[in-house]
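Asks: Input sequences plus hints: build the corresponding full structure.
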Amino acid sequence: MTLNIDDIFQQAFADHQNGQIEKAADGYKRVLSAESDHPSALHLLGLIELDLGNHEKAILLVERSLELAPNELQWLLNYGKLLSKMGKYELSISAYQKALSIDPDCLDARISLGDIYYGSGIYKEALKIYYRLLCENPDDATVRTKYESVMRTMDNGKQPPVNATEAGYSSGNDPIDRMLPLRQEKPDEDTEMAKVQAKQHEQGIGLSTGMSQRPAGKVDPVTEMGVMADAMYRMGYRESACAYAIQGLNAVLNVYKPRVVPGELLKAWQAPNIETMFVRMWLKLFMHSLYYATRKDAETVLKYWIRQEPQSAEPLIRLGLLCALHASKEGQPVPSDALETLLCADRMLNNERSAAALLLVKENFSNELVVPYDSAYLNVYPHIENLTTYVLLEQGDWFEDEIALFRDMIRPGDRILDLGANVGVYSISAARRTGSNGRIISVEPCRETFTLLSRSAAAFNNMTAIHAAVGEKSGRGYLEPGNQPELNRLQMSEESGEVVDVISVDELAEKEGVDRFDLIKIDVEGYEIPTIRGATKIIAESDPIILYEIKDGAKMNPELIDVFQELGYDSYSFRAPRGTLTRCHEGDQVDQSIINMFAVRQESLSRFKGLVNIE
Numbered sequence: 237m238t239l240n241i242d243d244i245f246q247q248a249f250a251d252h253q254n255g256q257i258e259k260a261a262d263g264y265k266r267v268l269s270a271e272s273d274h275p276s277a278l279h280l281l282g283l284i285e286l287d288l289g290n291h292e293k294a295i296l297l298v299e300r301s302l303e304l305a306p307n308e309l310q311w312l313l314n315y316g317k318l319l320s321k322m323g324k325y326e327l328s329i330s331a332y333q334k335a336l337s338i339d340p341d342c343l344d345a346r347i348s349l350g351d352i353y354y355g356s357g358i359y360k361e362a363l364k365i366y367y368r369l370l371c372e373n374p375d376d377a378t379v380r381t382k383y384e385s386v387m388r389t390m391d392n393g394k395q396p397p398v399n400a401t402e403a404g405y406s407s408g409n410d411p412i413d414r415m416l417p418l419r420q421e422k423p424d425e426d427t428e429m430a431k432v433q434a435k436q437h438e439q440g441i442g443l444s445t446g447m448s449q450r451p452a453g454k455v456d457p458v459t460e461m462g463v464m465a466d467a468m469y470r471m472g473y474r475e476s477a478c479a480y481a482i483q484g485l486n487a488v489l490n491v492y493k494p495r496v497v498p499g500e501l502l503k504a505w506q507a508p509n510i511e512t513m514f515v516r517m518w519l520k521l522f523m524h525s526l527y528y529a530t531r532k533d534a535e536t537v538l539k540y541w542i543r544q545e546p547q548s549a550e551p552l553i554r555l556g557l558l559c560a561l562h563a564s565k566e567g568q569p570v571p572s573d574a575l576e577t578l579l580c581a582d583r584m585l586n587n588e589r590s591a592a593a594l595l596l597v598k599e600n601f602s603n604e605l606v607v608p609y610d611s612a613y614l615n616v617y618p619h620i621e622n623l624t625t626y627v628l629l630e631q632g633d634w635f636e637d638e639i640a641l642f643r644d645m646i647r648p649g650d651r652i653l654d655l656g657a658n659v660g661v662y663s664i665s666a667a668r669r670t671g672s673n674g675r676i677i678s679v680e681p682c683r684e685t686f687t688l689l690s691r692s693a694a695a696f697n698n699m700t701a702i703h704a705a706v707g708e709k710s711g712r713g714y715l716e717p718g719n720q721p722e723l724n725r726l727q728m729s730e731e732s733g734e735v736v737d738v739i740s741v742d743e744l745a746e747k748e749g750v751d752r753f754d755l756i757k758i759d760v761e762g763y764e765i766p767t768i769r770g771a772t773k774i775i776a777e778s779d780p781i782i783l784y785e786i787k788d789g790a791k792m793n794p795e796l797i798d799v800f801q802e803l804g805y806d807s808y809s810f811r812a813p814r815g816t817l818t819r820c821h822e823g824d825q826v827d828q829s830i831i832n833m834f835a836v837r838q839e840s841l842s843r844f845k846g847l848v849n850i851e
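Just so you know, the numbering used here puts 626 at position 390 of the sequence shown, and the rest follows in order with no gaps.
Please keep in mind that the hints were generated in silico from the structure rather than gathered at the bench. All values derive from a computational prediction rather than experimental measurement. No residue lacks a Cβ here, since even glycine has one placed at the ideal position from N, Cα and C. One or more hints might be untrue.
What the hints assert, rightly or not - Straight-line distance between alpha carbons at most 16 Å, and here's what the computed EDC-like set of lysine to aspartate or glutamate pairs gives:
1. K334 - E299
2. K532 - E566
3. K317 - D287
4. K565 - E621
5. K259 - D243
6. K773 - D751
Stated by the list, open to error - Label pairs and their computed distance ranges (CB to CB):
7. E475 - K532: 32 to 38 Å
8. G671 - V606: 19 to 25 Å
9. N373 - Q825: 53 to 59 Å
10. G323 - Q256: 27 to 33 Å
11. P648 - Q825: 49 to 55 Å
12. D633 - D827: 18 to 24 Å
Replies: This is the structure in structure tokens:
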């Protein structure tokens, strides 16, 4: 039978458009096995590798496709974006310039080229591009904010030859402007930190911190705080890092201008300037999500971030969601300014996440909400006060550092058990990566949450959702409601609450016909020890790597380290900024910022080879 390459390619392309990434990739590979220089299959497979984070594979595929079809405009644009993501800015500029040689009016190429010039510090070229675009369309809010951002960056005593007024824009009518505090005058460059702190005290400006004095030293005090915050974070001292970051942010909120800023420090935090760097530090270190932050502090930081990066939609979507969240908590309608802010963010992002955020805060919202997640979709609670819903819309991903390593360590054919699956944050990521020969079993006790999980699981043939709680043995339990569905707790004694079947992991494995698990995730809100006792058989037989929650609310449960030690497991914390797994030794104090641990037997450490360093 003759292999019809065109039919295979068209089916793969249709799968790609429908979000069936794995099937699409398999189809493109079949095409390339028969015709190794099929340009479209090469390029589209390269885009899939890019989405999966495999940048080196992606660039080889995309470059080969362009060798075969050098004048494909959209392919050049994709190539430029890929190079930019990899930090190869000079090559990215060349790709966009070639695209413009084919179509001088290509808007995507012009804006992207301006962004690359701006991010690379080539401000005059960026200004020229944004200015021409703004003259062509003075009402384009995205271009206007980009143009003004370059103007502010260049305004160090030398005025560029053009300004926003000459381009046909008059400020003061934008809804964002009405939400932001007035800009303060820049102080003298020789202003000392003591003056900044005195001004903070006098005006009541700033964020709360336990650190009352700045670290001693002769370098610029604010720069030193940034360096110290970065160093403490990389060493794993998150609380100390946060204290330095808050002090630095307090200073720059009052327009204190550091004299020298190490370029490597800005690069590490992907920030154009030290002001934005401290914003990123605060968002990363102070709270896992603004859901937990005080409204006053969060609004102060977000509004400042908007002023620093007006070309970015991220502070806009977060500010709009924050205002809508607090209005909901107070039983008030969503403020019009918050809705307008989300509208502006949606115009800039123009993606499924911004559309879902906008939909969520509108009145008369439906009973279902689907959000984009890890190149797939999650059915979530249609309430802004739900933590998972809020975080996924706020950040576009789950906030736990461990999920990145969890994704990286999954192999095709893995069998994975997710205990306390919630709406499927870990399960969906696993289902996308194990392939058709893999198996995901997701267990969730809350009936309403299980319904959402089941809808998401229906998109994957390798995923099974089970409505149950897990414990030491089978029986019946009662879910004690928490402040969030994610925090519901199982009680075995008769209590008020939702009745739920309880099953042990060993019985569950037998019932589902599973003889091994490669990975197990445990998030059962304080019911970890009975769960482990009910899983001793499958653990002994298959040596799974176990990701378990060690933090129960504000309480740490270090006794779990000893429980796993008795089973022959060592516990490791994942230090994301250093890319290390650090073993917890007897007597070690567990950092209060850690949420999850990996329990691993020595013979299973090889799975982490090439992913992290083991300490």
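Asks: Each of the hints needs a verdict: does it hold here or not?
Replies: Do the hints match the structure? See the list:
Of the supplied pair hints, the one linking K334 and E299 holds, its CA atoms being roughly 14 Å apart against a limit of 16 Å. Between the alpha carbons of K532 and E566 the distance comes to roughly 15 Å, so the proposed pair stays at or under 16 Å and holds. Simply put, K317 and D287 have alpha-carbon atoms about 12 Å apart, close enough for the 16 Å limit, and the pair holds. At roughly 7 Å between alpha-carbon atoms, K565 and E621 fall within 16 Å of each other, so this suggested pair holds.
At roughly 14 Å between alpha-carbon atoms, K259 and D243 fall within 16 Å of each other, so this suggested pair holds. For the hint pairing K773 with D751, the CA-to-CA distance comes to about 10 Å; that is within 16 Å, so the pair holds. Distance hint check for E475 and K532: the Cβ-Cβ separation is about 22 Å, which falls outside the suggested range of 32 to 38 Å. The hinted window of 19 to 25 Å between G671 and V606 holds, with their beta carbons roughly 24 Å apart.
Distance hint check: the CB atoms of N373 and Q825 are about 58 Å apart, consistent with the given range 53 to 59 Å. The hinted range of 27 to 33 Å is satisfied by G323 and Q256, whose Cβ atoms lie roughly 31 Å apart. At roughly 39 Å, the beta carbons of P648 and Q825 sit outside the given window of 49 to 55 Å. The hinted range of 18 to 24 Å is satisfied by D633 and D827, whose Cβ atoms lie roughly 22 Å apart.
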